[in-house]
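Undergrad: Here the working numbering is used: position 364 in the first sequence is 364, and no number is missing along the way.
What the hints contain is simulated information worked out from the structure, not anything from laboratory work. Any given hint might turn out to be false.
What the hints assert, rightly or not - Straight-line C-alpha distance at most 27 angstroms; calculated BS3-like pairs for lysine-lysine: (1) K354 with K411; (2) K191 with K354; (3) K274 with K191; (4) K418 with K354; (5) K249 with K265; (6) K249 with K191; (7) K341 with K426; (8) K191 with K126; (9) K91 with K126; (10) K253 with K12; (11) K91 with K191; (12) K249 with K274; (13) K418 with K191; (14) K354 with K12; (15) K426 with K354; (16) K418 with K341; (17) K370 with K341; (18) K274 with K253; (19) K138 with K191; (20) K97 with K126; (21) K265 with K191; (22) K426 with K370.
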Amino acid sequence: MRLSQYFLPILKDTPKEAEILSHQLMLRAGLIRQSSAGIYSWLPMGHRVLQNITQIVREEQDRAGALEMLMPTLQSADLWRESGRYDDYGKEMLRIKDRHDRDLLYGPTNEELITDIFRASVTSYKDLPRNLYHIQWKFRDEIRPRFGVMRGREFLMKDAYSFDLTEEDARASYNRMFVAYLRTFHRLGLKAIPMAAETGPIGGDLSHEFIILANTGESEVFCHQDLIDLSIPDETIDFQSDLSPVVAKWTGKYAATSDMHDAAKFEAEVPEDKRMSARGIEIGHIFYFGTKYSEPLNCTVQDANGELVPVHSGSYGIGVSRLVAAIIEASHDENGIIWPKNVAPYDVGLVNLKVGNSETDNACQTFYDKARTAGFSVLYDDTDNRAGSKFATMDLIGLPKQVIIGPRGLKDGHVEVKIRATDERKTVSVDNIDQIL
RNA sequence: CGGGGCAUGGCGCAGUCUGGUAGCGCAUCUGGUUUGGGACCAGAGGGUCGCAAGUUCGAAUCUUGCUGCCCCGACCA
1 MRLSQYFLPI LKDTPKEAEI LSHQLMLRAG LIRQSSAGIY SWLPMGHRVL
51 QNITQIVREE QDRAGALEML MPTLQSADLW RESGRYDDYG KEMLRIKDRH
101 DRDLLYGPTN EELITDIFRA SVTSYKDLPR NLYHIQWKFR DEIRPRFGVM
151 RGREFLMKDA YSFDLTEEDA RASYNRMFVA YLRTFHRLGL KAIPMAAETG
201 PIGGDLSHEF IILANTGESE VFCHQDLIDL SIPDETIDFQ SDLSPVVAKW
251 TGKYAATSDM HDAAKFEAEV PEDKRMSARG IEIGHIFYFG TKYSEPLNCT
301 VQDANGELVP VHSGSYGIGV SRLVAAIIEA SHDENGIIWP KNVAPYDVGL
351 VNLKVGNSET DNACQTFYDK ARTAGFSVLY DDTDNRAGSK FATMDLIGLP
401 KQVIIGPRGL KDGHVEVKIR ATDERKTVSV DNIDQIL
């Protein structure tokens, strides 16, 4: 993409409404614009990041055997009355009436709807287990939205729902999502730690929050330091196999949010030099809630004995839009964002130091074409701004690599390559320019 | 919802106390000089000062009401 043809509104000054760094950088780097409290538009650059994250989430859900679908944002109130949550959920749920005066709601979550779909079509234990997910915009009318997309009212969420015959099977489903989450966050360049968590209004008795440590995190967390660098299963892991050893490894050491924190247990189980207490950002949350919805909604199957039994369910959420902010919180410096490779909106930033000079123009064009042909996405700064301004922009938007081409270097037959994360710079022969990718 | 704050061009701000021609920096546009780490000179465009009512000869400025946004708290992916 040529910057001269792009929509990338960069801000030099920090908008005063932005308090935390990720919010400031998202506004400054032209990723988002606010449209009202807790509701944001995603500009082209931000949208690309959101898409990249979405794709990684999707790939790992698919790998774990979950099936993607898409449910509507608007739901009928009737289903929620059936589960009893229409009254329980409170003012956080946005309620709407249609022209016929029927009660609708903008979905804050989808347990009811998916259970309704499932119960209508599945009647046999032979059709279990199943795990269905979608990646969809949710609305929760937060009392106080804040910190940009970190706590917006409208947010993009991946939510998966598992259905099993027995509690034991359901725990296997839970474990599959547990491992999928470890892999997902790892691929996103994050060190997420699963922590024992409260189940909240969704209910149930088995739940973990996936937390990344960050000073600006909203919750206080406590954990064993060794959890930070535990190894992550690679892509060869068999999701049909028993995953409980992996889960056991990750849940074997103390980790809890402040709600679940037990100071005495913490001190008993964790040596003093391994005790970590820190702020954390919740980026995922998984629940097993048994028959909490299948019973009131009468979602049953016939078991091997021909008896009708309610299915055992769990739900599994990842805050996709929040992840954009969380990644920035975890990866930035004083000059701007540093995108992990897998989520970066473009692989390479190409800086033409002297637009209009035929040699630099040609060298840039050649690299631009080669890189794209080789499958890399390139943001080509072909504007006639000054070098300093271009470098500042590139650093702010945080692409992993920058290729800098100017007449001076070309005279000696080289270009400069800069790695954003390390600020490492090297000169590369013009002839080898395609090898740097 | 309780407490605190803010609202003046795209962004950041001054002006409000003490009413009298709406300003500054950045950004944008034009021309020129420049060009290897946020250039310089000259010029230009862009704001019914959040909305409404009131006081006044006259309101960004004073009064009242409203709306929006931000921060702290309770609540939450």
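Undergrad: The structure should be examined with respect to each hint, and the outcome stated for every one.
TA: We went through each hint and held it up to the structure:
1. K354 with K411: 13 angstroms, holds
2. K191 with K354: Between K191 and K354 the Cα gap is close to 41 angstroms, so the pair fails against 27 angstroms, i.e. violated.
3. K274 with K191: 17 angstroms, holds
4. K418 with K354: The given pair, whose Cα atoms are some 18 angstroms apart, holds under the 27 angstroms limit.
5. K249 with K265: 18 angstroms, holds
6. K249 with K191: 16 angstroms, holds
7. K341 with K426: 19 angstroms, holds
8. K191 with K126: The hint is violated at about 38 angstroms.
9. K91 with K126: 40 angstroms, violated
10. K253 with K12: The given pair, whose Cα atoms are some 45 angstroms apart, is violated under the 27 angstroms limit.
11. K91 with K191: 34 angstroms, violated
12. K249 with K274: 17 angstroms, holds
13. K418 with K191: 25 angstroms, holds
14. K354 with K12: 23 angstroms, holds
15. K426 with K354: Between K426 and K354 the Cα gap is close to 20 angstroms, so the pair holds against 27 angstroms.
16. K418 with K341: 14 angstroms, holds
17. K370 with K341: 20 angstroms, holds
18. K274 with K253: 11 angstroms, holds
19. K138 with K191: 25 angstroms, holds
20. K97 with K126: Outside the cut-off at roughly 40 angstroms; violated.
21. K265 with K191: 24 angstroms, holds
22. K426 with K370: Given that 27 angstroms is the threshold and the Cα spacing comes to 20 angstroms, the pair holds.
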